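> First to last, the sequence lines map onto chains W and R. Mapping to UniProt numbering: the first sequence position 333 is 333, numbers consecutive. Mapping to UniProt numbering: the second sequence position 45 is 45, numbers consecutive.
Please keep in mind that the hints were generated in silico from the structure rather than gathered at the bench. Bear in mind the structure is a predicted one, so any value in this text is a computation, not a measurement. Careful: at least some of the hints might be erroneous.
Stated by the list, open to error - List of simulated lysine-lysine pairs, BS3-like, C-alpha gap at most 30 Å:
(1) W/77 <-> R/202
(2) R/202 <-> W/75
(3) R/412 <-> R/471
(4) R/58 <-> R/30
(5) W/77 <-> R/93
(6) W/113 <-> W/221
(7) W/113 <-> W/139
(8) R/136 <-> R/202
(9) R/178 <-> R/202
(10) R/30 <-> R/471
(11) R/473 <-> R/136
(12) R/412 <-> W/77
(13) W/75 <-> W/113
(14) R/473 <-> R/30
(15) R/202 <-> W/29
(16) R/471 <-> W/130
(17) R/397 <-> R/412
(18) R/93 <-> R/58
Said to hold, decoys possible - Residues from chain R that keep clear of chain W, each with C-beta distances beyond 10 Å, as calculated:
(19) 56
(20) 164
(21) 249
(22) 314
(23) 466
As the list claims (entries may be wrong) - Not close to chain R: a few residues of chain W, all C-beta gaps over 12 Å, as computed:
(24) 84
(25) 108
(26) 186
(27) 257
(28) 263
(29) 320
(30) 329
No residue lacks a Cβ here, since even glycine has one placed at the ideal position from N, Cα and C.
This is what each chain is made of:
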Amino acid sequence: MKKSVFLGVVAATAMTAGFASASTLDDVKARGELLCGSNTGLTGFGAPDANGNWVGFDVSLCRAVAAAVLGDPAKVKFVPTTGETRFTALASGEVDLLVRNSTWTFSRDNDLKLDFVAVNYYDGQGFMVKKDLGVSSAKELDGATVCIQTGTTTELNLADFFKFNNISYTPVTVQDDSEAQRQYLAGACDAYTTDASGLAASRATMADPENHIILPEIISKEPLGPVVRHGDNQWGDIVRWTYFALLIAEEKGITKANIEEVAASSTDPEVRRLLGVEGDSGVMMGLDNNWAKNAIAANGNYGEIFEANIGASTPIGLARGLNALWTQGGLQYAPPLR
Amino acid sequence: MSDTRAETAFIRTEMLAPELPPVTERGIIKWLRENLFAGWLNSALTIVSLLVVFLLLKSALPWWLNGVWNATSLGECRTIAGPEGGACWAVIKARWHQYIFGFYPQDAYWRPILAFALMFVALAPVLYYGLRNGAKLIGTVAVLTVLSLALLDHDVTHVVLIAVLMAVLFAVSWIAPKRLVYVTLLYPFVAFWLLWGGSVWKPVATLLGFGVMVLVYRLIQPRLGVIMGTAIGFLAACFYWLFVQGIITGALGSLPPGLAGVNSDQFGGFLLAFVIGVTAITCSLPIGILLALGRRSDMVLIKTLSVGFIEFIRGVPLITMLFTASLLLQYFLPPQTNFDLILRVVILVTLFAAAYIAEVIRGGLAALPRGQYEAADALGLDYWQAQRLIIMPQALKISIPGIVSTFIGLFKDTTLVSFVGLLDPLRGVTQIVRADINWKGIYWEPYIFVGVIFFLICFGMSRYSMYLEQKLKTDHR
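Just chain R, same shape as in the assembly (with noise of 0.2 Å):
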């Protein structure tokens, strides 16, 4: 008996290989069943949508795959793209320069191109403080910016040259990433130079009013403390440009080194969208900060004077401003003034802005605890140490997506200014593209081709913003 038990009797020595779960269990079919479908409702759903999309791509299609690059007219474009039809990206390939930098000299563009690249050298510091995040960033940045001048200038002298200093400036960032604090304090005046052009003593010579503003704070501030140190180093520096920069100017202004001037209406696509939104952008925070700050304040004047500012602002539609801007201003000043156009709109734009991040950041603050403010006093910390050290890095922090969204909303609210008679790219420079008899008629492909940069740019700044949070993120980890 126990032999044939011995006989029949298995014992597995090994596992079993598992098996795979049911073919409706598993993989890509699990999948769809989960999610498309789920039920009756949501099969039929699933259905209607994919005939939906099958539908767009099938009249849309086409179009995109037939498209034509190479042509000289939209008439060219019909015949070649046939009876069915089909996009005309020549019109790009012919006057995509006017969209990225309206009517800048062509044989200077490796100045605002060099502008631009620099932008983001001077962001670094200020994106990745002390990372070397940063200088990726950069090395990434100098790469493209002497590959797009290999291909637009055909100065060798120019493309070395700006390729060894984007080289130095890569080395300074992966060396020393804090040091760019320096670039990013020159930029504005860098930028202005490479832009409009002229002397380089003009923008020195104004650099020098903020030296003088310094001086005067760090004399005044040990005895008279930050307030009226600010206020007097402000008020020196504002005598400084008023009185003595232009004999400075006229001094040295014939002296080189020098480039050509540009005028602002040359100025027009891409190039015055940035203009005008990166320096709206860097200008409102700060004057953003400071009215939010205002009106949390329990000085009457100065809580008065920032809610009027505020409301006053938010109340007035930004298409009001820029005629304000363009037409109004032009009443109130001496006759002959010669008030750059782009510059009364940057004023006007930045305010506009700063208004609407004055409250994002209020938000901010209310949202931070009251024993915060009341560990800040338990410290000992004057009213100007507690902000910077306490209440604003919190608040700040708390207000980064509310910051990103009106920064975005401010960068495609500069195609406004085409109400003004300025250059935007979406619909100053389509007009006058649609204004050359070859072109006009065109319809889609402007509006796309801009459409798409605004979107790859806007995604880039909401992108950094969640990996800003993400970093920030000190709670519920």
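Extracted from the complex, chain W is given alone in its bound form (with noise of 0.2 Å):
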């Protein structure tokens, strides 16, 4: 608690003592240059692979910003931050832009002093446990030791889910995701909870998957974004709209193969306003009116990325649940571009 006061003073001097620059958008264009906030390895969110190249669900957002503004998904670099330093790099100006699997809350919008510009992924907390300790739901946890990382939002949930439902619980800490791991494995906790996602790509990494279970609940919503400074709305509107493009791209079918061909057959004039064939949406952002076609042609639409780095092609298998379109019942849905 005390940790984000600090982190706030420190964020709002900076604001008012004005440091941040005018225009983000001026800057990266002048620097060539996206400066985007990365995690220092999360699995399937971002993390650089064995030759250094940076990949992952976060990391594909990055590039289709920097593809938009910049003409090239290329043009990136990106900064691995962690939990503590990731906001005061975006408020000191390290960063443009952190796309960090950073949960959307009040306090963080507000006291921060950022602005969570989209959801790109709904995600949530869960718990998982061995098979043989014969519980199917959380409620049904009473008395159990569970596995939890430190300094996170999942341990306040935990304790508001416990407290609520009127069950006890000793929590077991740890410091990272492998070590909840290996104390999970080891028995020294009954139940392991963080984020769902997080859960699936542990047990889809286990020697034995199939005796460990992820238990139904969902105990907290953690909206995950694309975060960006407080004040220069234009570069939040770019943001923003970089990932409704991808979504406006899944949604119309666009994808980066055939993407050419849509630009310049499509008679949709929503298809042909997104791709820059009329109008100009991009000369009212400040940026070259490919920017969409440009961002959906650096990795795909939003599906694309989904199903590249986390769905269920991939050894995480996340289904899309609450990430689906909104066509297919999830919540991902993007304003009309017109």
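Fit the two chains together into the complex; they arrive one by one in their own frames, and the hints show the way.
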């Protein structure tokens, strides 16, 4: 708590002192490179591969923004940030944009003076238990020992959940995901709790995934999304609409493979506006009219990015669930582009 | 009678062959009886210890023996190792280069390797001033460097050129070991250029600043003394660095020879640990000596500043300093200043180590008898001469164990930089390796690998300090 207050004060000081530059867009264009705050390594979401190329679900969004602004998805420099340094790195101008599975909360939005411009992944906190524990619901976990990472919102959610259901638990605090998995497998705790996407990734890499189950309860809302500095609305709009462009592309069936063909042949007015064939959507944001086309061509549409990094065909194997398009029962919904 | 006596008399003409001591009083049995089974308490302890060792080995040995070296993922390792399980060293085989070099471009690995080898060449005159030991060290390093380059670098010209360079340096160290001091003085600039690349003229222009400093010092020192000479020389150099160097680098910056530039964020693993550790170690020793002298000084201002600095830095945890380096400094600098994170961290780690070194050296100074200071005064030496010729050689000798343990601690503390998002070998690189779905869930192997390397380096430093203590021991022979 103290830490967040401290960081908040620091961030607020920076804002009032006016250290952040006037226009992020001009800075990025002048630099010719987007500085994107990323994770220090989270399976499927953002990490460098064996050759040092950053890949992942969050990373792809950074690349799409770079493509929209600079016309080249490679013109992005990833700055690894830890849970402690991420918001200060953004507030102090060390990065232009933070896409690092950060939960959108009230205090981060208001107290830290940041803007969450979209939700690119709806997550929630879940539980994993060993099958032979014979538990089928989180409410049956009375008296259980639970492995939990310290200093995260998940720790607070856990306390809330058990208090609300009037059952008791013993926390086993761990430092990071790998330690949690080690403790859980060694039997130091009955249940392991973190974001459901993280649980799925952990389970997928266990020696005996069939002996572990993820309980159906999701006890919290964890909307993860890209963050920008408060006060630069133009830049916020660019990031938000780059993301929406990826959603609209999925809705309209525009993929990385067929984008040129669609741009040439489509008669759908929204698609034509999106791909810059007619209208001047880019100019309104201070970009090139091809912005959305470049963004989509970088890694494909939202669905393609999801499938390539964390989807059912990958070892992590996450289902779309809440992250399906609104037309398919999910929450991903883009306003009309007009 | 006498006959019979003569017949029965036996006079031994030769010595008996010496008997072996009884079986319980010699060899391994004696050693065992004395050391392991002396009394029932010792025997019981021995048996319990053996049991513990046996149990430990029984649980750990199969894991070590059953290690898998060839696999592409943790799952494959598990399949190969079978139900009894085994270490998955394949992760080290697949990712070792990231543990050593971070994301340094693979075709430029010869640059950090050469910088590392030259580090030993630069160290040789410091470690073994004027001794042939230095040449042996350089010879060994040269052979290892050429071997590792031959394995890693596919460009034959690199290997041949570096082999020639190392051979020349070896010859110099054999014939005139003291000449290598010039390599030591040039090394920081050479290493900077090798590691970060860019035009060669940038470090050369920076080097010129030191030339300016020495020149001004030479001109002023005879007239105004050491302190004024140093101060004005330093100011002149600062003036040069701030206002003149930019013009020179601007004019020559695009001229060859140059190396491809490497960004700081591509540094990682042990390369990063060495860059931070070695720079901080070399810079903290002189700063620490000055601070220790400042703390014992009679001049109020200097004494207060030194005490304030030392106590402030020692009172603050290193992690706080690192967070300051990575988060707060950015607020105080003008916007869009790109002040390198590694540089920021190096500066603060150096200051941190300097405060500790200052206290260690102050301990050495306090241990010197008063007579030594008085003797220096009686000889008519001025302050700096007395420090250089009489006080410091003795004080530093006394402080060696303390200095080296501070250095060892500092080198291990470089792993803390993972808290500010740098790729330290222990946590930063391991986290990235684990983020790969193929290696997610791996736990001990990276830690063991990194731990072993750290142990070798720190053990080396500690053995060298023991050697140095032996060599410098002048009393109670």
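> Would you list, in rising numerical order, the hints stated earlier that this structure does not obey?
Checked against the structure, the hints that fail are numbers 7, 8, 10, 14, 16, 24 and 26, while the rest are satisfied.
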